[in-house]
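Protein chains: 4
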Amino acid sequence: MSHAILLISCPDQKGITATVTNFVYTHNGNIVHADQHIDEQSNTFFMRIEWSLDGFKLVKKKIAEAFRPIAKKFAMTWEIYFTDKPTRVAIFVSRHLHCLHDLLYRYKSGQLSCEIPLIISNHSDAQPIAKEFRIKFGKFSLTSKNKREQEKRQIEILKKENVDLVILARYQQILTRQFVLEFKNRIINIHHSFLPAFAGQNPYLQAFQRGVKIIGATSHYVIEELDAGPIIEQDTVRVSHRDSLRDLVQKGEDLEKVVLSRAVRWALEKKVLCYGNKTVVFD
Amino acid sequence: MSHAILLISCPDQKGITATVTNFVYTHNGNIVHADQHIDEQSNTFFMRIEWSLDGFKLVKKKIAEAFRPIAKKFAMTWEIYFTDKPTRVAIFVSRHLHCLHDLLYRYKSGQLSCEIPLIISNHSDAQPIAKEFRIKFGKFSLTSKNKREQEKRQIEILKKENVDLVILARYQQILTRQFVLEFKNRIINIHHSFLPAFAGQNPYLQAFQRGVKIIGATSHYVIEELDAGPIIEQDTVRVSHRDSLRDLVQKGEDLEKVVLSRAVRWALEKKVLCYGNKTVVFD
Amino acid sequence: MSHAILLISCPDQKGITATVTNFVYTHNGNIVHADQHIDEQSNTFFMRIEWSLDGFKLVKKKIAEAFRPIAKKFAMTWEIYFTDKPTRVAIFVSRHLHCLHDLLYRYKSGQLSCEIPLIISNHSDAQPIAKEFRIKFGKFSLTSKNKREQEKRQIEILKKENVDLVILARYQQILTRQFVLEFKNRIINIHHSFLPAFAGQNPYLQAFQRGVKIIGATSHYVIEELDAGPIIEQDTVRVSHRDSLRDLVQKGEDLEKVVLSRAVRWALEKKVLCYGNKTVVFD
Amino acid sequence: MSHAILLISCPDQKGITATVTNFVYTHNGNIVHADQHIDEQSNTFFMRIEWSLDGFKLVKKKIAEAFRPIAKKFAMTWEIYFTDKPTRVAIFVSRHLHCLHDLLYRYKSGQLSCEIPLIISNHSDAQPIAKEFRIKFGKFSLTSKNKREQEKRQIEILKKENVDLVILARYQQILTRQFVLEFKNRIINIHHSFLPAFAGQNPYLQAFQRGVKIIGATSHYVIEELDAGPIIEQDTVRVSHRDSLRDLVQKGEDLEKVVLSRAVRWALEKKVLCYGNKTVVFD
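Chains as they are written, first to last, in my numbering: chain A, 1 to 283; chain B, 284 to 566; chain C, 567 to 849; chain D, 850 to 1132.
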């Protein structure tokens, strides 16, 4: 049976939770998950509420309309999702294919509830995998000159395929402002370091040269500024002087896969809310 | 300003959250934290709701009375706490004093909001620390013969001191059934292994002999069966063939302190609910 | 250029390191790695020494002969390996294919220096993957009646393929004594719990029911007693009351892949020595 | 019985290990630990060798002399230590006393084999603890004007007390060049972040504002550049949107204590070698 998921953020005040839960209750909805958080610094209220539509007295397309007065009263930023309408995902990748491979394996084994109609790359390396999984593959060769033009074509194809979420699974290209704004808070990147340490290029080499005793990986939403967007998930692993640069890469790639897949899973399950440059993750 | 904290568990059904949050809202309470969880296996609903009493229309001693009809309607198991009435804690310890020392240092530096009127031991080692922190010290020598009698005296003194929570900070004695029942879900123990591995005596030696690559510590509520109660918190640390038994003990003691103090802090903040032999921790 | 690797264990006494390193030095070998460990409890000396054969004055097949007097003098248990002779590996699997898939992906991308001529299963699920990677696939249907007979056939085919190392990548069958003895210290298993907790069947369900706050995975050599062999590697991940049994499985499978692949990599690089029921891992 | 510990680094070439271990063996020394590492990038050889002086044919003060020709031959940087001559330590602290408290507790319980004759601070807060542990306390009020002068006096008293190692246990002052050079590779600092992220002031606030999902602590040798010296040890702990800045501080302080104490213990046991801006830690 389908569930509805409501994501809310608004200035905190008395009565929000009571009003929202009453809305669900009076229409005969059965809440299966409800999480809320109050950010004391900004006095912001966040809520994720998920209820079963089994027996719910409003049909799906009437729910938003019915909720609008409440949203207005509390000045809410809000979105509603239905679990029977899967998110459509495009994966961008360059030549390191471990994250792509990992995501597709999870997709195939039912861990990620989404549709993946499209893989885009600036190289041909991922083409065989796309073929194996019967996913459309778009190759867009990139130079400093043609980038904006190629991105326009990418945006077109993304829209044509009704893509909701873009995953940069080690896509070694910096997106332009136009692209980032087009998919605001809908582009997830994996960066192969513990941000904000070692932003930019060659983070494993940077980590190796600095002599850190722990390395990390970070999954975050993409904003204009490089590697500076809201962090969704991070994880770390211990290294030592015995680890060569190659060992760092191997350990790090294992982290990248896990960290990216967790972030993607949470995003698909609508468990992530952005505020300022941070995230609330109702895991 | 004081807060009220309501802990609830009951069979899940429609309308619980709406009813409870309405109760707070209609009496002009400002919710500062609300967490809920539904255990799907047992169809049990859990809630922790904390609101400011600033402007609340019911005086503290009327709140329980006013809430009772709601509790009855949903067949709730429930408790209410007020943050201006600190929990009274007794610490039991034997000869390993690192956890006691750590708890008292946190207590002194304001990390643990409680009162600690009493330290109890079957040895004299902790007496100087008790004196340093100006806490009453009760020594109860134990033999297999006098245990029940001594425990009766311990229970008397605990009651006299209005102790709400007993912490076994490496108390190397097995409590009898009478004691455990007297303080059901109010005795927290630290066990120096990753339970259920290495229950019972000498867990570090057991771990060393088994050749594990990771050791752990577990904080749990005490039930009659040894080391088998509801787990509140666990943590682990990596070891290797290079670690001697003594190294395991040193690494492990660092874990014990952190794991026990987290569990105690959550218990003091009324963030732990027991169900069956498990816990919900609204951390 | 090929390297030689010497693995040694013997009763500790003066002069072992000096004698072994002199052996390499006087034949003009360049040591690239040397690790040693003394187990104080059993007074046992362990060493792994790896040197380049570039310019070494002994040809490969004469090295063992030349070393034998030293080995005899110190009563060594020892083995010599050459990095230009890759280990031949067979993977056993049942119906959960994530570890198999992960190992083959690492194999293909050059992380595991071995040959994998054979995949064996009691089901057909892995056959397409075997085909994709062009690896011979042997299906052996198992019943309580035909087990010993089928194992004999498995051993035959393993010998025919010159298999050095058997990996049980979630092979849901208990090997008989005859098989275990045939490949003593050459069978690596992944168990989906933090051993010795939750040995045997359904460890995720056991962990879920016990209400642990951390789950784990363990890779170990197989001995006759179930899940009781020398542990090579373990790792853990945090869980909470919010994790369903299905969440535990997903988090756990990510651990299994990483833990098994680390253990396999160390075994292939001859970094693991067994003693008693423990391992020394020169990582 | 006393042990000798030799720390060596030199350009890698054939025969180093053989020569050094022969030196110990021919003088009848019993090696209890030997670790070596070759940094392939810089072709540097590192060794730590520890042997029992029980029955050793050279008296302690003759060992260095006897070893000198070997050191010269291989162009070694080297140091020799004896375990019966404990390192003398001074602890610098400002107003956050948790690390000081933790170190002194470990010291008292025998975990740190050193002498601590001196605690230095720019405030009076630590004076009672110093008194409790009967350690000399030096207060040096600091202004931008008197810093160099006060540091000179600090250096004098450190020399008078024969201090070998300076620990900055949350000393919120930047040492001048003169001080750092006076104690090159002999000053250990704890920084309350996962360096190189959040160097400088208020790392917990920086971490909170950046919205990281993991925080860390770093112990490193002090060089002239702030928070940029060779890292000895790091560790991390998970945080979430539920953690306030105060929670970050509490979790972080637990890390600081463990990370600093590990680094100090390794330094006292002569297990740390610096090279370039990195460390080899023979843990």
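Check the hints yourself; a few may be wrong.
Said to hold, decoys possible - Straight-line distance between alpha carbons at most 20 Å, and here's what the computed SDA-like set of lysine to any residue pairs gives:
1) Lys1100(D) - Trp549(B)
2) Lys836(C) - Gly494(B)
3) Lys1100(D) - Val805(C)
4) Lys837(C) - Gln976(D)
5) Lys534(B) - Asp1132(D)
6) Lys14(A) - Trp549(B)
7) Lys108(A) - Val625(C)
8) Lys957(D) - Leu531(B)
9) Lys844(C) - Val532(B)
10) Lys297(B) - Pro230(A)
11) Lys391(B) - Gln976(D)
12) Lys627(C) - Thr592(C)
13) Lys85(A) - Lys72(A)
14) Lys837(C) - Arg153(A)
By construction, these hints were calculated from the structure, which means they are not laboratory data.
Do the hints match the structure? See the list:
Distance hint between lysine 1100(D) and tryptophan 549(B) is fulfilled; the C-alpha atoms sit about 13 Å from each other, no more than 20 Å. Under the criterion of a C-alpha separation no larger than 20 Å, the hint pairing lysine 836(C) with glycine 494(B) is consistent with the structure, at around 19 Å. For the hint linking lysine 1100(D) to valine 805(C), the alpha-carbon distance of about 18 Å falls within 20 Å, and the restraint holds. Pair hint lysine 837(C) plus glutamine 976(D) does not hold up; C-alpha atoms about 51 Å apart against a cutoff of 20 Å.
Under the criterion of a C-alpha separation no larger than 20 Å, the hint pairing lysine 534(B) with aspartate 1132(D) is consistent with the structure, at around 13 Å. For the proposed pair lysine 14(A) and tryptophan 549(B), the alpha carbon gap of about 26 Å is over 20 Å, so the pair is violated. Restraint check: the Cα-Cα separation between lysine 108(A) and valine 625(C) comes to about 51 Å, which exceeds 20 Å; the hinted pair is violated. A C-alpha spacing of about 19 Å is found between lysine 957(D) and leucine 531(B), which places the hinted pair at or below 20 Å, so the restraint holds.
For the given pair, lysine 844(C) sits about 18 Å from valine 532(B) by alpha-carbon distance, which is consistent with the 20 Å threshold. For the hint linking lysine 297(B) to proline 230(A), the alpha-carbon distance of about 35 Å lies beyond 20 Å, and the restraint is violated. Proximity of lysine 391(B) to glutamine 976(D) is assessed by CA-CA distance (about 17 Å); at most 20 Å being required, the pair is judged to hold. Restraint check: the Cα-Cα separation between lysine 627(C) and threonine 592(C) comes to about 17 Å, which is no more than 20 Å; the hinted pair holds.
For the suggested pair lysine 85(A) and lysine 72(A), the alpha carbons sit about 26 Å apart, so the restraint of at most 20 Å is broken. For the suggested pair lysine 837(C) and arginine 153(A), the alpha carbons sit about 51 Å apart, so the restraint of at most 20 Å is broken.
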